[in-house]
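This is what each chain is made of:
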Amino acid sequence: MAKISVSNLNPGMKLSKPVVNEANMILFGEGTVLTEAHIERLHNMNINSVQVEGDSKPKKAKEEVLAELDARFKKTENEPYMGILKKLFIDHIEELYK
Amino acid sequence: MDIQNLRSQIEKVDTLPTMPSVLKKLLKVIENPKVSLNEIGNFISSDPVLTTRVLKVVNSPIYGFPGRISSVSQALILLGLNVVRGMLLGVSVFEVMERAMVGLWEHSMGCAVTARIIAQKKGVKEPEEISVAALLHDIGKVVLSLKFTDEYKDILNNAEKNGLYISEAEKAHFSITHAEAGAWIAQKWNFPKSLIEVIEYHHKPHLSKNIPVQSAIVHLADILIQARGFGFSGNNFVPPVHPAAWQALNLSETDMKEILIEMEEVLEQAEDFLISSE
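Top line first, the protein sequences correspond to chains A and B. So that you can map any letter, position 34 of the first sequence is 33 in numbering that gives the first Met the number 0, and since no number is skipped, the others follow by simple counting. So that you can map any letter, position 127 of the second sequence is 126 in numbering that gives the first Met the number 0, and since no number is skipped, the others follow by simple counting.
Isolated chain A, as found in the complex (with noise of 0.2 Å):
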């Protein structure tokens, strides 16, 4: 699932998530195949950006990200509690790339 801009959609791309106007009204449900039609009614009603269906944003590397959570926590993680945070953070983010 991805999330595009409105302004890159091809025809035959199928939603992921309906597309809802700002008062939350159905505009096209989840599954619709978009058509050249769609997508011009689309940019017409101001609508930013829409889910479908295909790989989504790659995501950062774990050893990336668990670096990024040792830097910011590098200047407190031997204050009280720091350190059970930290570790919190570690086994979430072990459990989220697993």
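If you are wondering where the hints come from, they were derived from the structure by calculation, not from laboratory data. Quantities reported herein were computed from a predicted structural model and do not represent experimental measurements. Don't take every hint at face value.
Claimed, not checked - Below, computed lysine-lysine pairings styled on PhoX-like, alpha-carbon distance capped at 20 Å:
id: 1; chain 1: A; residue 1: LYS85; chain 2: B; residue 2: LYS256
id: 2; chain 1: A; residue 1: LYS2; chain 2: B; residue 2: LYS55
id: 3; chain 1: B; residue 1: LYS192; chain 2: B; residue 2: LYS208
id: 4; chain 1: A; residue 1: LYS73; chain 2: A; residue 2: LYS85
id: 5; chain 1: B; residue 1: LYS208; chain 2: B; residue 2: LYS11
id: 6; chain 1: B; residue 1: LYS160; chain 2: B; residue 2: LYS170
id: 7; chain 1: B; residue 1: LYS152; chain 2: B; residue 2: LYS170
id: 8; chain 1: B; residue 1: LYS160; chain 2: A; residue 2: LYS74
id: 9; chain 1: A; residue 1: LYS74; chain 2: A; residue 2: LYS2
id: 10; chain 1: A; residue 1: LYS2; chain 2: A; residue 2: LYS16
id: 11; chain 1: B; residue 1: LYS170; chain 2: A; residue 2: LYS74
id: 12; chain 1: B; residue 1: LYS124; chain 2: B; residue 2: LYS208
id: 13; chain 1: A; residue 1: LYS74; chain 2: A; residue 2: LYS59
id: 14; chain 1: A; residue 1: LYS61; chain 2: B; residue 2: LYS55
id: 15; chain 1: B; residue 1: LYS192; chain 2: B; residue 2: LYS203
id: 16; chain 1: B; residue 1: LYS256; chain 2: A; residue 2: LYS97
id: 17; chain 1: A; residue 1: LYS85; chain 2: A; residue 2: LYS61
id: 18; chain 1: B; residue 1: LYS170; chain 2: B; residue 2: LYS146
id: 19; chain 1: B; residue 1: LYS27; chain 2: B; residue 2: LYS152
id: 20; chain 1: B; residue 1: LYS33; chain 2: B; residue 2: LYS11
id: 21; chain 1: A; residue 1: LYS86; chain 2: B; residue 2: LYS256
id: 22; chain 1: A; residue 1: LYS74; chain 2: B; residue 2: LYS203
id: 23; chain 1: A; residue 1: LYS86; chain 2: A; residue 2: LYS97
id: 24; chain 1: B; residue 1: LYS187; chain 2: B; residue 2: LYS33
id: 25; chain 1: A; residue 1: LYS73; chain 2: B; residue 2: LYS160
id: 26; chain 1: A; residue 1: LYS16; chain 2: B; residue 2: LYS55
Please arrange chain B on chain A, whose structure you already have, making use of the hints.
Chain B only, in chain A's frame:
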């Protein structure tokens, strides 16, 4: 500059400069403590741009009922006056926040989402009020950077260069931090008392006498969202949790794990919301 002088300078920020005139009027309406829900509702509904923004925000992940509120009056009934007052402020500082500091809006919104999750975990009544307090906890940064734009840039640079927390750099320059500045402006704008207290004590929740739990929740949310690396608060390092606040909240390891997982889910929606607001 002495503190009294600084305070009166900050209090002169009575409106936010980029705010369109309708928002200026709105501030007047919501500053009036006697204003009724109906009056606010009518006021908002009379302006299509404002209505759109309000509906967008109430249906955002901040409040946890995305996609269910379709009218302003429904929003007012569901959220209550205090929450709507705070939220309208949130709506109106949206752009200014982003201009003040890139990433501050994401930080604030992430903090609001996280605070609601913790509040629900602790079974606190009215988690939406805590959300709003979390959304506005850094309003002092907005005001300081509006009023002292160049100086605030120096403060941010100083924090980055010398490995200081933003509060330390603010204190070195102004002898106060954004927490005090935020509380001053919140008093001046007649925010609800509980909101002022959270803004003032979000770094020192143990000093919050009337609503220690709410203040501790926003304090922890502020730290968790920075630890998660969502948005930018001005800090390059995660600030320490106040031990008394951590103990008072008494969250088990399982609670914390669940909070982090829920954060992940809601932040994903929040990112979508941020993209669609661009």
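Tested hints:
| no. | hint | verdict |
| --- | --- | --- |
| 1 | LYS85(A) / LYS256(B) | holds, 12 Å |
| 2 | LYS2(A) / LYS55(B) | holds, 18 Å |
| 3 | LYS192(B) / LYS208(B) | holds, 12 Å |
| 4 | LYS73(A) / LYS85(A) | holds, 10 Å |
| 5 | LYS208(B) / LYS11(B) | violated, 28 Å |
| 6 | LYS160(B) / LYS170(B) | holds, 16 Å |
| 7 | LYS152(B) / LYS170(B) | holds, 14 Å |
| 8 | LYS160(B) / LYS74(A) | holds, 14 Å |
| 9 | LYS74(A) / LYS2(A) | violated, 36 Å |
| 10 | LYS2(A) / LYS16(A) | holds, 10 Å |
| 11 | LYS170(B) / LYS74(A) | holds, 19 Å |
| 12 | LYS124(B) / LYS208(B) | holds, 18 Å |
| 13 | LYS74(A) / LYS59(A) | violated, 24 Å |
| 14 | LYS61(A) / LYS55(B) | violated, 33 Å |
| 15 | LYS192(B) / LYS203(B) | holds, 17 Å |
| 16 | LYS256(B) / LYS97(A) | holds, 16 Å |
| 17 | LYS85(A) / LYS61(A) | holds, 15 Å |
| 18 | LYS170(B) / LYS146(B) | holds, 16 Å |
| 19 | LYS27(B) / LYS152(B) | violated, 30 Å |
| 20 | LYS33(B) / LYS11(B) | violated, 23 Å |
| 21 | LYS86(A) / LYS256(B) | holds, 11 Å |
| 22 | LYS74(A) / LYS203(B) | holds, 19 Å |
| 23 | LYS86(A) / LYS97(A) | holds, 17 Å |
| 24 | LYS187(B) / LYS33(B) | holds, 16 Å |
| 25 | LYS73(A) / LYS160(B) | holds, 15 Å |
| 26 | LYS16(A) / LYS55(B) | holds, 18 Å |
Hints 5, 9, 13, 14, 19, 20, counting from the list given before, are not met by this structure.
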